[in-house]
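> Starting from the given sequences, assemble the full structure and let the hints guide the process.
One letter stands for each residue in the lines below.
Number of protein chains: 2
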Amino acid sequence: MTEKQENIIQAAIKLFSERGYAATSTNAIAKEAAVSEGLIFRHFGNKEGLLHAIIKTGEEVLKQMLFPIVMENDPKLVIKRTIELPFDVKKEDYEFWKLQFKLKWELKEYSHEKMFPLINALTVAFKKLGYDNPQLEAQYLTIYIEAIGEAILKGYLNNGAEIKQFILNKYDL
Amino acid sequence: MTEKQENIIQAAIKLFSERGYAATSTNAIAKEAAVSEGLIFRHFGNKEGLLHAIIKTGEEVLKQMLFPIVMENDPKLVIKRTIELPFDVKKEDYEFWKLQFKLKWELKEYSHEKMFPLINALTVAFKKLGYDNPQLEAQYLTIYIEAIGEAILKGYLNNGAEIKQFILNKYDL
DNA sequence: CCTTGATAAGTGAGTAATCACTTTCTATTC
DNA sequence: GAATAGAAAGTGATTACTCACTTATCAAGG
Numbered sequence: 350m351t352e353k354q355e356n357i358i359q360a361a362i363k364l365f366s367e368r369g370y371a372a373t374s375t376n377a378i379a380k381e382a383a384v385s386e387g388l389i390f391r392h393f394g395n396k397e398g399l400l401h402a403i404i405k406t407g408e409e410v411l412k413q414m415l416f417p418i419v420m421e422n423d424p425k426l427v428i429k430r431t432i433e434l435p436f437d438v439k440k441e442d443y444e445f446w447k448l449q450f451k452l453k454w455e456l457k458e459y460s461h462e463k464m465f466p467l468i469n470a471l472t473v474a475f476k477k478l479g480y481d482n483p484q485l486e487a488q489y490l491t492i493y494i495e496a497i498g499e500a501i502l503k504g505y506l507n508n509g510a511e512i513k514q515f516i517l518n519k520y521d522l
Numbered sequence: 350m351t352e353k354q355e356n357i358i359q360a361a362i363k364l365f366s367e368r369g370y371a372a373t374s375t376n377a378i379a380k381e382a383a384v385s386e387g388l389i390f391r392h393f394g395n396k397e398g399l400l401h402a403i404i405k406t407g408e409e410v411l412k413q414m415l416f417p418i419v420m421e422n423d424p425k426l427v428i429k430r431t432i433e434l435p436f437d438v439k440k441e442d443y444e445f446w447k448l449q450f451k452l453k454w455e456l457k458e459y460s461h462e463k464m465f466p467l468i469n470a471l472t473v474a475f476k477k478l479g480y481d482n483p484q485l486e487a488q489y490l491t492i493y494i495e496a497i498g499e500a501i502l503k504g505y506l507n508n509g510a511e512i513k514q515f516i517l518n519k520y521d522l
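Here the protein sequences line up with chains H and E, keeping their order.
Everything in the first sequence is counted per the working numbering, starting at 350 for the first residue and increasing by one.
Everything in the second sequence is counted per the working numbering, starting at 350 for the first residue and increasing by one.
Source of the hints: derived by calculation from the structure; they are not laboratory data.
Mixed in with the good hints, there may be bad ones.
[To be verified] Keeping only pairs whose Cα atoms sit at most 27 Å apart, straight-line, the calculated DSSO-like set for lysine-lysine is:
id: 1; chain 1: H; residue 1: 451; chain 2: E; residue 2: 503
id: 2; chain 1: E; residue 1: 451; chain 2: H; residue 2: 451
id: 3; chain 1: E; residue 1: 463; chain 2: E; residue 2: 440
id: 4; chain 1: H; residue 1: 447; chain 2: E; residue 2: 380
[What the hints assert, rightly or not] A few chain E residues that face chain H, going by a derived Cβ cut-off under 7 Å, partial list only:
id: 5; residue: 454
id: 6; residue: 455
id: 7; residue: 461
id: 8; residue: 463
id: 9; residue: 492
Positions of the beta carbon are idealized from the N, C-alpha and C atoms, including for glycine.
What follows is the structure in structure tokens.
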């Protein structure tokens, strides 16, 4: 991965996130990245190829975020870290994550399967803690955590810390 | 609203929902609606005008759905009906709602304010039932219900009835 | 240490197709 | 008979992508 290649990806993330995939021209990406337009096609084949490179990056980053949760043995910590997940996203990463959420609607191929390891880890955790229906509790929490992430990114949540504590209380954490 | 005008709106909902707003050409909409392309501009001014007509429709439909909940006095019924909301969406309306959710990401002007009446009604309901933090409970449930709607539309939820009962149990309903 | 040569990285002008939108004209309706 | 509704054929601008070409990198051979 050369420097200009990295520039192209960063520019694409920024512009796709701001304007959407279809509304962003390869010309605009080239200008933002300060490279020739042809270079985009040399490295990524076509516009969709560039998009796929970004998606791959997103999947990798998500895996890295879920790893310490899935590997945790203490069930209380598994739940606590899951809840804290969306609140720990840094402001400078908002654009990146907004794009990932946007793509969930824009792409047909986008699947929910990436969350399965988390759902499984949560199911085990809820089971250990003696919850009545660990499977549903896990599904419930996963959906909710994704929703909190969305709300934060869209700027609907101005009382993040308060909400976070509120949820932690619900699970006696 | 003439018949062809209605055809244009229905075709636009279908294509915007499938491909996204930016990726749908006015030419494609005209073909789908079986009208001349110029007619779109006669009636809606420009492509964005057509989009706004669709958004207005969406806001109206949402208001109609929230009305019986907001008007309800029995606090248990307010919460019950809120929870049931996303599960009552008919299959034939999926395209329409998918577009509404998609637009939340695509448009900057799209605001969360439409949900305020529901949040307020829920706050009152939770207060009546003696919940510790009615305001947060209302915010929490609203975010969650929107997320359930998303999951259903995306096809992530194959155990809808089970999840619905699970949530109702959480609120002793 | 320099030349050679092969490959990858990068440029920028060019292209056909498509885009949102306009104009001109005809049919319908009150 | 004058709005209104509609069709058809345009418009210039923008699109994703190509292509011929230049530059950078770097290892092998003399």
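> All the hints need checking, so say for each whether the structure fits it.
Here is how each hint holds up against the structure:
| no. | hint | result |
| --- | --- | --- |
| 1 | H:451 / E:503 | holds, 13 Å |
| 2 | E:451 / H:451 | holds, 8 Å |
| 3 | E:463 / E:440 | holds, 23 Å |
| 4 | H:447 / E:380 | violated, 33 Å |
| 5 | 454 | holds, 5 Å |
| 6 | 455 | holds, 6 Å |
| 7 | 461 | holds, 5 Å |
| 8 | 463 | violated, 12 Å |
| 9 | 492 | holds, 5 Å |
Of the numbered hints stated above, those contradicted by the structure are hints 4 and 8, listed in ascending order.
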